[in-house]
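A.B. asks: Relying on the hints, combine the two individually framed chains into one complex.
Sequences listed follow chains E and H, in order. Each residue of the first sequence is one higher than the last, beginning at 1 in this note's numbering. Each residue of the second sequence is one higher than the last, beginning at 1001 in this note's numbering.
Quick caveat, the hints were computed from the structure, so don't treat them as lab data. Every residue, glycine too, gets a C-beta built ideally from N, C-alpha and C. Careful: at least some of the hints might be erroneous.
As the list claims (entries may be wrong) - Think about it this way: if two alpha-carbon atoms lie no more than 20 Å apart in a straight line, the pair counts; the simulated EDC-like pairs of lysine to aspartate or glutamate are:
{"id": "1", "chain 1": "H", "residue 1": "Lys1124", "chain 2": "H", "residue 2": "Glu1065"}
{"id": "2", "chain 1": "E", "residue 1": "Lys254", "chain 2": "H", "residue 2": "Glu1275"}
{"id": "3", "chain 1": "E", "residue 1": "Lys179", "chain 2": "H", "residue 2": "Glu1223"}
{"id": "4", "chain 1": "E", "residue 1": "Lys52", "chain 2": "H", "residue 2": "Glu1218"}
{"id": "5", "chain 1": "E", "residue 1": "Lys306", "chain 2": "H", "residue 2": "Glu1277"}
What the hints assert, rightly or not - Have a look at the derived ranges for each label pair, beta carbon to beta carbon:
{"id": "6", "chain 1": "H", "residue 1": "Arg1323", "chain 2": "E", "residue 2": "Ser302", "range": "55 to 61 Å"}
{"id": "7", "chain 1": "H", "residue 1": "Glu1151", "chain 2": "E", "residue 2": "Asp276", "range": "53 to 59 Å"}
{"id": "8", "chain 1": "H", "residue 1": "Tyr1214", "chain 2": "E", "residue 2": "Lys51", "range": "14 to 20 Å"}
{"id": "9", "chain 1": "H", "residue 1": "Met1115", "chain 2": "E", "residue 2": "Phe86", "range": "44 to 50 Å"}
{"id": "10", "chain 1": "E", "residue 1": "Lys104", "chain 2": "H", "residue 2": "Arg1090", "range": "50 to 56 Å"}
{"id": "11", "chain 1": "E", "residue 1": "Phe128", "chain 2": "H", "residue 2": "Tyr1214", "range": "33 to 39 Å"}
{"id": "12", "chain 1": "H", "residue 1": "Ser1357", "chain 2": "E", "residue 2": "Ser9", "range": "32 to 38 Å"}
{"id": "13", "chain 1": "H", "residue 1": "Phe1219", "chain 2": "E", "residue 2": "Thr219", "range": "55 to 61 Å"}
{"id": "14", "chain 1": "E", "residue 1": "Asn71", "chain 2": "H", "residue 2": "Asp1355", "range": "51 to 57 Å"}
{"id": "15", "chain 1": "H", "residue 1": "Lys1267", "chain 2": "E", "residue 2": "Lys181", "range": "30 to 36 Å"}
{"id": "16", "chain 1": "H", "residue 1": "Val1055", "chain 2": "E", "residue 2": "Leu226", "range": "34 to 40 Å"}
{"id": "17", "chain 1": "H", "residue 1": "Thr1221", "chain 2": "E", "residue 2": "Phe128", "range": "43 to 49 Å"}
Unchecked claim - Here are a few chain H residues that sit away from chain E, every Cβ distance over 12 Å (derived from the structure):
{"id": "18", "residue": "Ser1048"}
{"id": "19", "residue": "Leu1120"}
{"id": "20", "residue": "Thr1221"}
{"id": "21", "residue": "Leu1227"}
{"id": "22", "residue": "Val1236"}
{"id": "23", "residue": "Leu1257"}
{"id": "24", "residue": "Tyr1315"}
{"id": "25", "residue": "Ile1381"}
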Amino acid sequence: MKKIVSAISLFVLFYFFKNYFSSNTFSIEVENIFLMGIILLTAFLIANSLKKIQLPKLTGFMLTGMLVGPNILNFLTQDNLKALHFFENFALAFIALTAGGELKFSRIKKIIKPVSIILFNQIFLVFFALLFLLIPLSKQFLGEMITDPKIIIGFSILFAATALSKSPATTMGIITELKAKGRITDIVLSVTVLKAIIVVLIFPVVITYSKVFLIESFTFEINQVLSLILQVMGSLLFGVVIGFIIIVFLKYIKIENALFLFLIGIVLTELSGIFDFEILISSMVAGIVVENFSKKGNDLISGIEKTSLPLYIIFFTFAGASLHLGTLQKAFMMTLILIILRMLLLYLSNFLAGFVLKEDKIVKHYSWLGFIGQAGIAVGLANIIERSIPGELGSILKSLLIATVVINEFLGPILFKYLLVKAKENYNS
Amino acid sequence: MTTILGLVLLVTLAFLGKYLLDKIPVETLEYSFLNYSGFYYLLLGFLSGPNFLNVFNKPILTNMEFLFDFVLGWTGFLVGLQLNYKTIRRFPAKYYFTAVVHFVICFFIIITLLMVVNTLFPNKLNLVELMLLSLVGSMTSVTAIGLLVREKKLRSMESHLLEFLAAFDNVIGVFGLGILFLVFQVNGNASTNGLLLNVAAYSTVIFLAFLFKYLNDEFNTFEEKSLIILGLILIVVGVARFLHTSILFLTLLLGLLLVNMKRIDTKKLYLTVQEWEKPLNFILLFSIGLFLDFNLSVFWIFVLFYLLIQIISKYLAEKTITRIGSKAKFTFGSFLTLGMSSLSMAIILDAYLTDHSQVKVKVLTITVITLFLTNLIVLRINRKKKLKTR
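Excised from the complex, chain H in its bound form (with noise of 0.2 Å):
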């Protein structure tokens, strides 16, 4: 089978997929998350992937590799568009404050652990590994929250300030991931070359920014937009691609200079990339679900140890936020912020698929697996309980 077809197949499956399961009665929390959370989709990628059925087989990933450097760099793009400086500083700075706090508490407490547990395993992770491991075990599930924060009906302060927290350490875990990219990069070349490739990388997408800026009165149709938007993310990701760098921060930072720049129509800009958001989402997913590998051994002991630590680190944060007296009085013990985010599957993606040296496919699965524990523990901890309600 060609690699093209192999993704029609993979496409199809997520068309009948989504068929199905939108017949099925939704009822339970669990199951509202791992719909929206696009589960069934990762679950076919890995069922037609090389470690099941082996419908694609590995060099069939290999060839579709730049379809997936594409959507990150779409998934970034959007990300980054939705950072516009105006709707930033509406928030209270306490918001960031806090949000911060919980993340850097998260990130300590889970890479010095995960320092420690390393240790007993023969197969060792890197620091690279490590660090991204840590860093999205930080993040939390946007998904997760909205869910309680429409079913619990919480409080409006306190839902406010978890929605918040959640969207802002996503951006925070791909700063994060830009940051480490950054400093590997410098460290691993020769350190000239190393910063020479992220100036140019930088200077790129700046120089882009201003272009479509060059350009915003020439062009107004959606059509229009669409294409130049879809060349200059290409761009970016060819880029990114070319000098080894992140594209999920690279676009990021593409979509967050542009929405904050004078003069364009901001809105209609994120509705245009928007538009595109489902189906790449879908293939996304997918290609996730491809890479996946369960066969590994000492494999589930090392995910409930990472489950464990992020358990540790976010009962941490959560009671360190509260006790330094910010507004947010979380309700103790619910683990409100423990799901992992969606967007770190992104990262790990991004991060495997720049360096399959340094980053192996067995921390993208980690990452998978406990993304879903973390936020299925998080949902059935609160279905029943009564959190503090308006």
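Isolated chain E, as found in the complex (with noise of 0.2 Å):
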């Protein structure tokens, strides 16, 4: 109760002074330090209230940002999460640079035979069977407002390859915020770092692809497709090299390493938005090779994690706040049944492997609560429709498929903390 009322105290505060100082003259940067100042504490209040009713505290971060977001209170409107855009790249790169720092080739070894086929079904499984099912689906719901089936063909593959999407930044922070270690957190982790590389890299390929079925006078050439993996090896190479000067730096210079840090992190999210790297495979290569080409990981993993706090909360509740709520409204039914589908398929992929390898209860019936959550990537490919498929239709199609992601977001951390609970392994209880 004291830290819901702290919370609201303080969403007053910054309404009082909004309106009734609005005459004084500011920049929108005096009100974006102010404004993140009322995020970091609402935000962590909230999230805090939530835990007595089990909730992760993700799940509070991006409802605060829900509620402070364009869509309910407009404290954070548009122009401020423009003009606050770095910080969500910044906070993004930290946590992938987390998530590769805790991935060890010597502890993948140990579950290869599990991490490898689930990833096998996850991405070819789900595709194929997501595909099969959407074509004749759609057809079925959207029939009457899609008469050209190029399009339903075109919609199919750029779903079925955004549900393949997997946030790190959620598996993270559950694994941070609970402490978890062991078997489960291991696998979890290991696909979702891995799969969300290897999505990365073929789907420029899917993209292109599905755009010969979206525009009318699109023609596939290997040259669209080779300019795109030229820019993902791009960010793969990045991530290497920023890796090994973390390496060095932490092996020889070793003064002010929180600040040191700090400062990868900007070179992170400005380079790669500047040479259109993608940020997420940098700094999750730069936290493997870290890991796995030095001894400096722990100090690698030490360092970020005294400062984790602020950086969650910022991700999340810009996520939050950047959903789009009102697409919820439009197509509930076939955004439904895209979920429920894809979390069967998920379960079947799971389930497959391990009945194949043999293993226990938890990972053949629950582990496929670690991969609901999906990354902010679908909003990119949603757009890619709405360009596509000028009027209402676009517009529809757009809104499924965002507020699919939308739903998976917020469930995706939940479930993720129970598959832990359930596993034990989550240390921080």
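C.D. replies: Quick look at the structure:
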């Protein structure tokens, strides 16, 4: 109760200043400093209050984001979000760096069988089964609106590709929050990180291919795919370089580690923006390099963990604020079907892997719960659909895609927490 | 180059500078001072700033102001946390009397003489700028005093009082800044509006301090405490900027209130904040260096006058204190309190960032030059001089 009262009083304070002193001339930067303070405190307070009903903190951060975001209170306006976008990416760089830093090859070796089979199933089984099911389902539910079968195929390809995405940030957030350790934690984290890298590699091909169906005049050319693949390769290489820079620093210079990591976060964020690198991939690869090519992995993780709480708050609050709640209302039934389908296929993927390897009940029946949370990459794909299909149809398909991500993003942390508690790997409790 | 990459280059240079400087053996008091005071970060800042290499141009500096604001906020908060009443009351009343008298004498001599000198120059400084220069000119260098006490092994009574005086007049300086903002804001705005702005600012700080106390028992880990402090400082900095008032003063007030509240583990709180002092101090010094501009006309003559005025004021202040019979028997002519405090740079930066039209970069540059000159002079004078030692 104390926390909620405090959060409300902070909201009132901000509202008072924003409205009462609105005649004072101040820049958006000034407003953002104030806003960041309010967000950090209120998100933290609300998330801690929700702990009583067993909700993960990440969900609390996202709920706060929704509350202060453009959909409800509009403290965090679109302009603020745009101006503060750097911090979101900065937080993502750190989260991904930690995720990569947790991935030790020697540990993966011990779980290589379940990891590789789950990974294979989650990519191929989920993608093709979803594609196979979506084409007739889309005809059934959207047939009246979409008469062109090519658009249905194009949409199904894009949706099936989006369903593969899994947010490493959510995974890392829950692992950090629960201080989780153990076999299931390792399996989920390894699959998530490796899948994120693979998905980013195959996305360019899938996107280009889907455009053949979605855009009338579009022709598939290998050069388009090559340039996108080159970009991904650049991201990987950039990650490797950053990884080795971190190793050299932590080994030979060793002064002001916290400040140095802060700089690395900035470099990752800025250069990724300038050269169009995938920040997620570069950061994760840098983390993997440090963890596996030096003995400095622990130094890296402990250095970042000192500052991880504000970073998680910023990332997930902004994620919550950016959710397009209005899209949930449109095509709700179809959204629900898509979510359930994805869940069923994830369950099937993990069950089959567990069955083949004669794994225990947790892997067979529960491990799929660790793969629900989706990444924000879907928003980018949804924009492609909207651009490709003008009019109401494009808008509905975009809403469908985003709505599934919204729900999955909320369910992801809750279900993953449930899995870790079930597997008794939540050392925080 | 983008703002953020500019920042990266800035701090990378600081890293390299620090790394190289650590390898240079430091033997004299002057070198020790330059090292401790962060002179090299300032120099690097100036070299990469818009008035030298222009690696960081003016738009980049404008975009980075939010960061400078935050660092100022952190600095003010840290100063405030040192004002624990339990610690303060341990010092005898004479110490406070001495420090206040010393400050007041310096302030009035400096402001009077500066006003006279100011009439000689074509590009005159305004009243706020003169007040600010007098304020920071009256503050004493903690670093120089610390070095002298350590190296010269002064008598414990004298060193104790000197260290107290240096620390306490820094606090008086920040309070003075707060009063200056209050007076000029109330006069500058329609008076009700000016008062209202200040009431809103101070009420917010009091509210936030009580909020911290209210939540104090709920969160215990270092991470949680750090987060709450970070949030509070950001809010206060935002409020200060919203209301065009001093960040240093408002955050000092927050620190002061928190450290004096019951049931708050002040030691833990201080250690939590201090953890980030060093990296943030780098940024603060760099940023001050970036703003410096030495290409101003008749500027050096003003600096010389300001230096002379300070020498006069400190001499008279030291002499007066000894005359009025305090136990502080200063070594005459040693100008132990001549060195200006490092906090003076933060005070001027705070004022400059709050209102570019009232406080110009010239004042910041004058302060920085005089700060180093006064400190180097006091250390040079006393390097070979035999002080009254233990």
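A.B. asks: Does each hint fit the structure? Answer for all of them.
C.D. replies: Against the structure, the hints:
1. H:Lys1124 with H:Glu1065: violated, 27 Å
2. E:Lys254 with H:Glu1275: holds, 16 Å
3. E:Lys179 with H:Glu1223: holds, 14 Å
4. E:Lys52 with H:Glu1218: Between Lys52 (chain E) and Glu1218 (chain H) the Cα gap is close to 13 Å, so the pair holds against 20 Å.
5. E:Lys306 with H:Glu1277: holds, 15 Å
6. H:Arg1323 with E:Ser302: 55 to 61 Å: holds, 57 Å
7. H:Glu1151 with E:Asp276: 53 to 59 Å: holds, 56 Å
8. H:Tyr1214 with E:Lys51: 14 to 20 Å: holds, 18 Å
9. H:Met1115 with E:Phe86: 44 to 50 Å: holds, 46 Å
10. E:Lys104 with H:Arg1090: 50 to 56 Å: This hint holds: roughly 53 Å between Cβ atoms.
11. E:Phe128 with H:Tyr1214: 33 to 39 Å: Cβ of Phe128 (chain E) to Cβ of Tyr1214 (chain H): about 56 Å, so the range 33 to 39 Å is violated.
12. H:Ser1357 with E:Ser9: 32 to 38 Å: Distance hint for Ser1357 (chain H), Ser9 (chain E) holds at roughly 35 Å.
13. H:Phe1219 with E:Thr219: 55 to 61 Å: holds, 59 Å
14. E:Asn71 with H:Asp1355: 51 to 57 Å: This hint is violated: roughly 37 Å between Cβ atoms.
15. H:Lys1267 with E:Lys181: 30 to 36 Å: Roughly 32 Å apart at Cβ, these two residues keep to the hinted range, so it holds.
16. H:Val1055 with E:Leu226: 34 to 40 Å: holds, 36 Å
17. H:Thr1221 with E:Phe128: 43 to 49 Å: holds, 47 Å
18. Ser1048: Given that every Cβ of chain E is farther than 12 Å from that of Ser1048 (chain H), nearest at about 15 Å, it holds.
19. Leu1120: holds, 36 Å
20. Thr1221: violated, 9 Å
21. Leu1227: violated, 5 Å
22. Val1236: violated, 8 Å
23. Leu1257: holds, 16 Å
24. Tyr1315: holds, 40 Å
25. Ile1381: Answer for Ile1381 (chain H): holds, closest chain E Cβ roughly 34 Å.
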